[in-house]
Amino acid sequence: MLDKMLANVREAAPLVHCITNYVTVNDVANILLAAGGAPIMADEPDDAVDITSICGGLDINIGTLNARTIPSMFACGARARELGHPVLLDPVGAGASKLRTDTANRLVDELDLSCIRGNSSEIKAIALGSTTTKGVEADIADVVTDSNLQATVAFAEEFADRVGSVVAITGAIDVIADGSHAFAIRNGHPVMSKITGSGCMLSALVTAFLVANPDDLLMATVAAVAAEGVCGEKAAVKMVETGVGNSTYRDYLIDNVYLLTPDELERDARVEEF
Amino acid sequence: MLDKMLANVREAAPLVHCITNYVTVNDVANILLAAGGAPIMADEPDDAVDITSICGGLDINIGTLNARTIPSMFACGARARELGHPVLLDPVGAGASKLRTDTANRLVDELDLSCIRGNSSEIKAIALGSTTTKGVEADIADVVTDSNLQATVAFAEEFADRVGSVVAITGAIDVIADGSHAFAIRNGHPVMSKITGSGCMLSALVTAFLVANPDDLLMATVAAVAAEGVCGEKAAVKMVETGVGNSTYRDYLIDNVYLLTPDELERDARVEEF
Amino acid sequence: MLDKMLANVREAAPLVHCITNYVTVNDVANILLAAGGAPIMADEPDDAVDITSICGGLDINIGTLNARTIPSMFACGARARELGHPVLLDPVGAGASKLRTDTANRLVDELDLSCIRGNSSEIKAIALGSTTTKGVEADIADVVTDSNLQATVAFAEEFADRVGSVVAITGAIDVIADGSHAFAIRNGHPVMSKITGSGCMLSALVTAFLVANPDDLLMATVAAVAAEGVCGEKAAVKMVETGVGNSTYRDYLIDNVYLLTPDELERDARVEEF
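If you're matching them up, the sequences are chains A, B and C in order. The first sequence begins at 3 in the numbering used here and counts up one residue at a time. The second sequence begins at 3 in the numbering used here and counts up one residue at a time. The third sequence begins at 3 in the numbering used here and counts up one residue at a time.
It is possible that part of the hints are untrue.
[Stated by the list, open to error] Distance windows between CB atoms, simulated:
1) A:Gly166 x C:Val239: 27 to 33 Å
2) A:Glu275 x C:Thr244: 26 to 32 Å
3) B:Asp114 x C:Arg108: 34 to 40 Å
4) B:Pro73 x A:Asp218: 45 to 51 Å
5) B:Lys100 x A:Ala153: 46 to 52 Å
6) A:Gly245 x C:Arg272: 49 to 55 Å
7) C:Leu130 x A:Gly245: 41 to 47 Å
No lab work stands behind these hints: they were computed from the structure. Ideal Cβ placement from N, Cα and C applies to all residues, glycine included.
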């Protein structure tokens with residue numbers, strides 16, 4: 003059914019409002035276009051609520067949050083839910099600063115989120131209230147491995163149930179859960195952590211899948227995460243073949259999303275249900 | 003004469019002050035460098051007027067406008083005109099939010115603009131005061147086709163005459179007009195709409211051409227629009243040949259501006275006068 | 003010893019806090035990852051000091067400075083030095099506006115900087131209090147050549163001694179000095195000035211080398227400047243071989259940093275001691 007979910011994105015061409023950081027915003031826009039969606043970025047309170055209203059979904063990424071943009075996150079999140087649009091939170095750097103941790107927690111508390119996607123340390127920072135975060139990369143101690151996979155699944159399910167949202171903990175192994183089901187995904191490649199924006203792009207991609215697949219937010223998230231992982235693998239093969247480095251790899255990753263067919267996604271996704 | 007206009011850009015190396023959105027700003031800077039110009043970005047009121055003063059022209063793009071940057075647009079627009087520099091407005095998303103529509107309209111009213119460049123729905127939002135805008139892409143109903151080309155030309159000429167500026171409505175067919183002449187350009191490729199920033203890059207490119215060709219702003223605009231279109235076509239050929247996607251296409255587009263010769267522009271431009 | 007300094011970056015994986023402009027921020031992040039480090043961007047006063055505290059070094063780039071971010075530069079600069087972290091200043095556009103010149107001068111006066119890296123006109127704008135600056139590119143009159151190299155070295159040494167910081171004046175010939183030693187580097191390629199961000203990327207790269215080589219800040223700076231120059235040369239060879247333009251060149255430059263080995267750096271660096 004992952005193939006159908008990608009086909010739905012191509013068909014629906016979802017317009018996604020992104021309140022996102024200025025570091026990776028260009029890649030975020032291009033991966034949405036690659037997937038068949040379209041981006042609009044707006045973060046000024048007087049502008050952003052109007053933009054939310056004409057879009058199909060909202061991606062809130064706190065990567066370079068500031069006093070001007072934080073109120074937009076809350077106002078747009080509320081407006082999107084009034085309209086029945088999915089809202090995703092990417093708590094970039096939660097645990098790394100008080101402002102990020104507090105803002106992420108308030109967004110979780112005050113908005114009716116459809117999905118929360120982050121690395122393990124970020125999700126823990128919200129769920130548990132404290133963690134060690136090495137910037138925006140998952141701390142080594144927080145990496146999901148086979149030995150802690152069951153515990154991570156249980157943690158994700160409990161947190162998802164508590165907040166009433168899909169939870170996606172992404173890394174070497176991705177864990178996606180809502181309150182009743184959980185999946186692990188074993189796609190992707192280590193070099194994805196050698197470019198900036200793998201996570202930010204994924205959050206936007208998930209949002210597009212949520213918009214286009216409103217009846218099954220859990221599987222829509224699984225499909226988007228698997229899609230980026232599959233494309234990351236293809237890009238890594240091409241990276242080795244062509245002898246390039248991380249900057250061209252970034253282009254290959256987005257290119258592969260552009261080129262990805264539903265059949266390829268269905269065939270190459272490695273998804274395990276718990 | 004298009005060849006001469008590109009040669010003039012290469013010769014003059016115009017320095018363009020861009021008050022532009024943070025989504026596509028890197029591509030905007032690189033396309034200016036590719037064309038033979040140079041960019042400076044500055045959007046803080048205390049900084050931006052000084053920067054305008056040392057540049058040759060000003061590109062105002064309202065893509066991620068905010069309360070801090072809007073006053074810079076007005077102050078720099080006024081300063082640039084005092085100095086006799088061309089000022090271009092790219093009304094990104096006009097029609098999509100009240101703030102964008104109102105700001106674009108105020109900029110048109112209060113500044114002495116040299117050129118207004120946008121897609122059909124954006125230009126209509128300013129000219130007619132209302133429209134439907136699907137984000138930053140031209141609405142299907144607003145696409146310029148052979149069947150509505152004459153009407154679009156008449157609309158562009160009337161609007162250009164009214165505001166005293168060159169008007170460039172760009173899309174599958176581009177329509178460029180001032181109060182007395184109009185041109186259609188049939189260069190470009192559909193994949194240009196599958197990357198973010200085709201329009202933003204074009205606005206910066208037009209500004210560079212205006213600076214380098216001050217005696218014929220209409221043909222300077224035509225030359226710049228044709229140049230990006232020709233490069234978009236070349237990039238599309240290479241995209242197919244090399245089997246890449248939209249992210250690498252973006253590089254190919256800018257690369258082709260870097261590589262474009264005046265002779266190629268003259269030969270490959272498809273310009274029709276009305 | 004340059005080889006060892008790159009090896010140390012790969013080993014230490016320094017986390018660099020960047021308060022940097024939104025034009026080139028994505029490339030800055032990717033070149034840090036390419037070198038073996040990692041970036042965090044944060045510029046909001048309430049957020050940035052916490053981020054500085056978990057990083058190993060701070061890169062302050064005033065490229066799109068504004069009233070909100072300037073206080074973050076001072077607060078983070080002070081916090082970083084409390085923690086013994088290196089702090090680098092990239093005075094982008096100093097001399098081009100009063101705000102940039104004044105802010106750069108205040109940062110030099112009030113912070114205990116480890117390194118100041120800019121082009122010749124920017125460094126002169128700080129050191130001499132006035133200059134002509136053509137945007138962010140070195141003015142022709144300010145280019146370091148063989149005929150003014152000795153004078154530039156003397157100037158750099160004097161300024162470095164006065165401010166107690168490493169000073170890196172980069173361009174066709176790079177001059178790096180502290181109060182007692184000076185080096186010239188003859189790596190790099192003219193096409194590096196045809197992309198945006200060569201300088202911004204270099205500042206971030208230098209910061210990563212400073213973090214990983216705290217016992218010899220002068221040679222760490224030399225190693226980073228030589229590394230980007232060597233990679234710029236390799237990228238230029240590939241640019242010609244593959245017939246691309248400046249946008250793909252940008253990818254090649256970062257790719258080559260990703261691929262650069264310590265042995266290659268040691269072999270290809272052209273460093274002259276004064």
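Hints, verified against the model:
A hinted range of 27 to 33 Å is violated for the C-beta pair Gly166 (chain A) and Val239 (chain C), which are about 56 Å apart. Distance hint check: the CB atoms of Glu275 (chain A) and Thr244 (chain C) are about 45 Å apart, inconsistent with the given range 26 to 32 Å. Between Asp114 (chain B) and Arg108 (chain C), the C-beta spacing of about 36 Å keeps the proposed range 34 to 40 Å intact. A hinted range of 45 to 51 Å holds for the C-beta pair Pro73 (chain B) and Asp218 (chain A), which are about 47 Å apart.
The supplied range of 46 to 52 Å is met by Lys100 (chain B) and Ala153 (chain A), whose beta-carbon atoms lie about 49 Å from each other. Separation of Gly245 (chain A) from Arg272 (chain C) is about 25 Å and departs from the stated range, judged on CB atoms against 49 to 55 Å. At roughly 45 Å, the beta carbons of Leu130 (chain C) and Gly245 (chain A) sit within the given window of 41 to 47 Å.
In summary, the structure is inconsistent with hints 1, 2 and 6 from the numbered list given earlier, while agreeing with the others.
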